[in-house]
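Colleague: Here is what each chain is made of, one letter per residue.
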Amino acid sequence: MTVSPRPVSGLRAPLVVAAAHLLACAAFLTAFLIRRDGLPDPVATHFSGSGGADGFTTLGAFPYEVLGMLLVAALLCTGLTYATRGHRLLAGLGCAVAGLLGAVAVAVVVNNAGAQAADGVRLGPGALGVAVAVGAVAAGLGVPAGGRGHAALRAKAAPQAEPDDAFAEPAPRFVLREGESAVWTRGAGSRPVLVGGGSLLAAGAVLTPLAGWAAGLGLMVGGVVLCACFAVRVTVDRHGLTVNVLGLPRPRVRIPLDRVEEATCRDFEPLRDLGGWGYRAVPGRSGFALRSGPAVVVRLTTGSEFVVTVDDAATAAALLGALAERERERTVAGTTSAGG
Amino acid sequence: MLVRLDHGSPVPLGDQIAAAVRGAIADATVRPGERLPAARALADSLGVNVHTVLRGYQRLREEGLIELRRGRGAVVTADPAAPGRARLTDGVRALVADARALGVSDEELVNLVRGGLAGR
Numbered sequence: 000m001t002v003s004p005r006p007v008s009g010l011r012a013p014l015v016v017a018a019a020h021l022l023a024c025a026a027f028l029t030a031f032l033i034r035r036d037g038l039p040d041p042v043a044t045h046f047s048g049s050g051g052a053d054g055f056t057t058l059g060a061f062p063y064e065v066l067g068m069l070l071v072a073a074l075l076c077t078g079l080t081y082a083t084r085g086h087r088l089l090a091g092l093g094c095a096v097a098g099l100l101g102a103v104a105v106a107v108v109v110n111n112a113g114a115q116a117a118d119g120v121r122l123g124p125g126a127l128g129v130a131v132a133v134g135a136v137a138a139g140l141g142v143p144a145g146g147r148g149h150a151a152l153r154a155k156a157a158p159q160a161e162p163d164d165a166f167a168e169p170a171p172r173f174v175l176r177e178g179e180s181a182v183w184t185r186g187a188g189s190r191p192v193l194v195g196g197g198s199l200l201a202a203g204a205v206l207t208p209l210a211g212w213a214a215g216l217g218l219m220v221g222g223v224v225l226c227a228c229f230a231v232r233v234t235v236d237r238h239g240l241t242v243n244v245l246g247l248p249r250p251r252v253r254i255p256l257d258r259v260e261e262a263t264c265r266d267f268e269p270l271r272d273l274g275g276w277g278y279r280a281v282p283g284r285s286g287f288a289l290r291s292g293p294a295v296v297v298r299l300t301t302g303s304e305f306v307v308t309v310d311d312a313a314t315a316a317a318l319l320g321a322l323a324e325r326e327r328e329r330t331v332a333g334t335t336s337a338g339g
Numbered sequence: 000m001l002v003r004l005d006h007g008s009p010v011p012l013g014d015q016i017a018a019a020v021r022g023a024i025a026d027a028t029v030r031p032g033e034r035l036p037a038a039r040a041l042a043d044s045l046g047v048n049v050h051t052v053l054r055g056y057q058r059l060r061e062e063g064l065i066e067l068r069r070g071r072g073a074v075v076t077a078d079p080a081a082p083g084r085a086r087l088t089d090g091v092r093a094l095v096a097d098a099r100a101l102g103v104s105d106e107e108l109v110n111l112v113r114g115g116l117a118g119r
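Residue numbers (numbering that gives the first Met the number 0), protein chains in the order written: chain A, 0 to 339; chain B, 0 to 119.
Since the hints were derived computationally from the structure, they do not count as laboratory data.
Hints may be right or wrong, so weigh each one.
What the hints assert, rightly or not - What the simulated footprint calls covered on chain B by chain A, stretch by stretch (three residues with Cβ under 8 Å from a Cβ of chain A suffice, anywhere in the stretch; the number is not a length): (1) 5 to 13; (2) 28 to 40; (3) 44 to 53.
Where is the CB? At the ideal position from N, CA and C, for every residue including glycine.
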């Protein structure tokens, strides 16, 4: 079995992004500690379009607020870069955000320190331009430092990539007798996410009478969407592979038999193989990733892959393969008899 | 849950469906309290009439393995013993089939079972 160097290239880009954000934090802290005595109290922290200050924070809370904001951005950018296995665009964007935020934070400190009172502090388009430039430079430095993350992603997404196929096991043969009809169906889901979705729904239901429907609706919609992505029924039958949501006839995702090239069962890792959980798509692959473990992997006639993680995936893949083969034989027989 | 229907078999289609679902309950592929696929959806998948599926479900209900409720569909009995009961019913069916194959009359078979029950 081939051991791919993916873990190294997969971690490198997120580490670069995290380092960029740490640098931004360090730059802000240095500026703050040096100019601390010159800062007014309260500090101007929000500026209108024309550059005048219109929002203020006490000096005591100021560093924590800025660091908190920087850390949230750091977590978001690093997480996104990691989840996309070091996508170049996101690695660059992450570094750019770090540069931009760091430059703005330093500019706020410097401009506050130069003013007598917070009212007089200005942060104009010039400072913003400098910040954008710093962000662009950070992105320019970050993308090459992040490595060939995108290449790794491409290789990963292409179904022809060798390392992945090493894990795919050919499904056991499923012999369909003449005139036999068969269906395989199974519920699939993720209990923690369903509990989360259910609690969102409940919170929305409680909030609606208390705080008006506008407050509750968002929560309830979120709960329904979460439940819908994680409570599915997978069916393999004469129509093909169907994934129904919430046990309802629709919405559904269906792969007709004539689009099935090959069906296999494979161990699946949502974060690694599809960039996260839920109903997702990456170049060359889409599907429902609800948990780690066995999944039905369908290679479509278009060359891309459709995946759904479900228990007893081996049986499902075997039946789907047999049904697709029978469909192909029928089509071939149909065309020859029509031609002759 | 895998359901295979042999349209050429003398066994009624509804019974074939019931046997497949019973097997799934017996080996815990479908767990107690879990909802079975809607009769309409299953009928569409198998290319049979919805009443055929409902006949199969009705049989399972008579065996106490599932509950049929209007609007809620078919749900496996929440009793944790459901898989065991399904296995037992399966065993009885196998016993009857064996007896028939051997030419043992129903009366004889019942007597045999009575004897077995009295033995303990």
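Colleague: Do three or more residues from the segment 5 to 13 of chain B put their C-beta atoms closer than 8 Å to C-beta atoms of chain A?
Modeller: holds (count 3)
Colleague: Taking beta carbons only, do three or more residues of the segment 44 to 53 of chain B come closer than 8 Å to chain A?
Modeller: holds (count 4)
Colleague: Take the segment 28 to 40 of chain B, compare each residue's beta carbon with every beta carbon of chain A, and decide whether three or more fall closer than 8 Å.
Modeller: The restraint on the segment 28 to 40 of chain B holds, since 6 of its residues have a Cβ under 8 Å from chain A and three suffice.
Comparing the model with each numbered hint stated earlier shows that all of them hold.
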